[in-house]
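**Student:** Based on the hints, put chain B in the right spot on chain A.
Protein chains: 2
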Amino acid sequence: MLALTMGDPAGIGPEITAGAWAALRGEEDIRFALIADPALAAARLGGCPVHVVAQLADAAAVFPEALPIVAPATRLEVAPVAGRPDPRNAAAITGSIADAVASVRRGEAAGLVTNPIAKSVLKQAGFPHPGHTEYLAALMGRTGDEVMMLAGPELRVVPVTIHLSLRQALDSLRTDEIVRVARTTARSLLEMFGIAAPRLAIAGLNPHAGEDGHMGDEEITLIRPAMERLRAEGISLLGPLPPDTMFTEAARARYDAAICMYHDQALIPLKTLDMARGVNVTLGIGLVRTSPDHGTAFDIAGTGRAEPTSLIEALRLAGRLTQARAA
Amino acid sequence: MLALTMGDPAGIGPEITAGAWAALRGEEDIRFALIADPALAAARLGGCPVHVVAQLADAAAVFPEALPIVAPATRLEVAPVAGRPDPRNAAAITGSIADAVASVRRGEAAGLVTNPIAKSVLKQAGFPHPGHTEYLAALMGRTGDEVMMLAGPELRVVPVTIHLSLRQALDSLRTDEIVRVARTTARSLLEMFGIAAPRLAIAGLNPHAGEDGHMGDEEITLIRPAMERLRAEGISLLGPLPPDTMFTEAARARYDAAICMYHDQALIPLKTLDMARGVNVTLGIGLVRTSPDHGTAFDIAGTGRAEPTSLIEALRLAGRLTQARAA
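Taken in order, these protein sequences are the chains called A and B.
Residues 4 to 330 in the numbering used here are what the first sequence spells out, letter by letter.
Residues 4 to 330 in the numbering used here are what the second sequence spells out, letter by letter.
Hints were generated in silico from the structure; no laboratory data involved.
Hints may be right or wrong, so weigh each one.
Unchecked claim - Covered stretches of chain A (chain B as the covering partner; in silico rule of three or more C-beta atoms under 8 Å from a C-beta of chain B): (1) 39-46; (2) 170-177; (3) 246-254; (4) 266-278.
The beta-carbon is built from N, C-alpha and C at its ideal position, and this holds for glycine as well.
In isolation and in its complexed conformation, chain A is listed as follows (with noise of 0.2 Å):
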């Protein structure tokens, strides 16, 4: 069983939950509840069953005939309307995720999918942490280890630095961070990707890995030092390698995650090979969760235009990682 949260009930996450329960009520190994006050279901999920349970382990039986919620400690405020969040709801975004993660860690859930949140809507009630990820260290009693993986059907992907500008992003890249996210990720998909020897590859920054200092020196100062002292953890790595080469089908067969210098570096490859199935998953945090790889889209919420597909790659995602854990 995976517990889902509601995200901001103004977004498009109660349709594209509804829409991912219709299509995944069929399949026997994935179950999901939803964290959510049942008023949201009135408001925002018109036109799906639901079915309010007392608790998670009730949810299963539900679930192939009606969308099983769990209701959280803390309620929404006010009757959410599309593509019009109210900072008075944040109490209840940010209890359906505390409520979940509390389901993981008592193992009533195996695992966590979280909804789109808006931070800035959070920011406005005073909620502390840069976001959702952060939020979810906190809780676990696990911060500063935590790494953003994205993962489509033929490649995974992890940035090392995420969202800074591409001339921060240069800045404020080091040795040490490069470690830590390539030695979280390699324990990840060991631990919970059930791959035994796991083999990263390590993108170089500069346009064909610098060619040995001559366009850029990084991949000398930063990356192969970096590259040393995880080789002498025992991690199986190939790099730095140039970033325009190292997407093709041939150079994927070579590796199981990329560990990536920038955002747009471990972006255009994963949304270019296949943008509506790339999922989110977060490393480090000692539990297993997943996101769709998407924001609210307060623009498009209430129009019946929102694609549940990520987030039904990241219930699918969630539900295999849960399998391996347990295995």
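**Tutor:** Structure of chain B alone, referenced to chain A:
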């Protein structure tokens, strides 16, 4: 008729030329002749039937039966050995290029395809140009407007900055250069590719194209001003687009070429989509010139492992472009 230069005779050029001839001899709309010292045949074209002709006009008739070779003014100094480049052959390498360009200027060849050269080998022999493209521009008397496009079956990309470290690319990005590159690309799509109303996609530099300045401001300070100038010239543009989502199949359907801010932003999607079939096209020098998207590969020259795919695609594209120009 296309003129194909020799390239470095110690690289894979001769063997991919033989492979391309074998693959294309039956295609009626492609005819090419190799501009090379006939002595190359014995040294590096073993097994490929060749026919030395006095002039390009005689090449078409022999093409189905043998690779036509036209001797250039400057001959090889030493017999080439696979994998062992020799600066004494630099004059023969550059002479093949000069003769091929002259044949295009005289109207004997419709366009030019170049085999790979090694800049370091030519530099040792005193060659003053940074590379192929600049030399061609100088031969055409059109320096300063050359632009490199990479064209694959599914995507055309044009990097504004090319062989620079990522940091140098950031430091050297200029509005004027974005305007120049995009303008030349739009004109070439019209005049060379025969696209009546070309549409360009302009990539952002930063993740999410900077999110209105929250993650970098180059979109605001450098890219949007370039777009305003280009629009004032009547050029149809999209952008600045978030780099990670602009290369999906749905996004690609909306433009004819993507103007990219740095090497890997252009090359990662191109090579990820179709590594083998990317082709270089030089724009802005007043002739059709294509080349394979790889180097001399001295390390595998003579081993039989070189793939002629990119040269074949370069010849096919040059054939189509010269027909589009003629039409």
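**Student:** Determine for every hint whether it applies to the structure shown.
**Tutor:** So, going through the hints one by one against the coordinates:
Beta-carbon proximity to chain B at under 8 Å applies to 0 residues in the stretch 39-46 of chain A; the threshold of 3 is not reached and the given coverage is violated. Under the rule that three or more residues need a Cβ within less than 8 Å of chain B, the assignment of the stretch 170-177 of chain A holds, with 3 such residues. For the stretch 246-254 of chain A, the proposed coverage by chain B is satisfied: 7 residues have a C-beta within less than 8 Å of a C-beta in that chain, meeting the threshold of three. A count of 11 residues in the stretch 266-278 of chain A with a Cβ less than 8 Å from any Cβ of chain B is obtained; the coverage claim is therefore met, three being the minimum.
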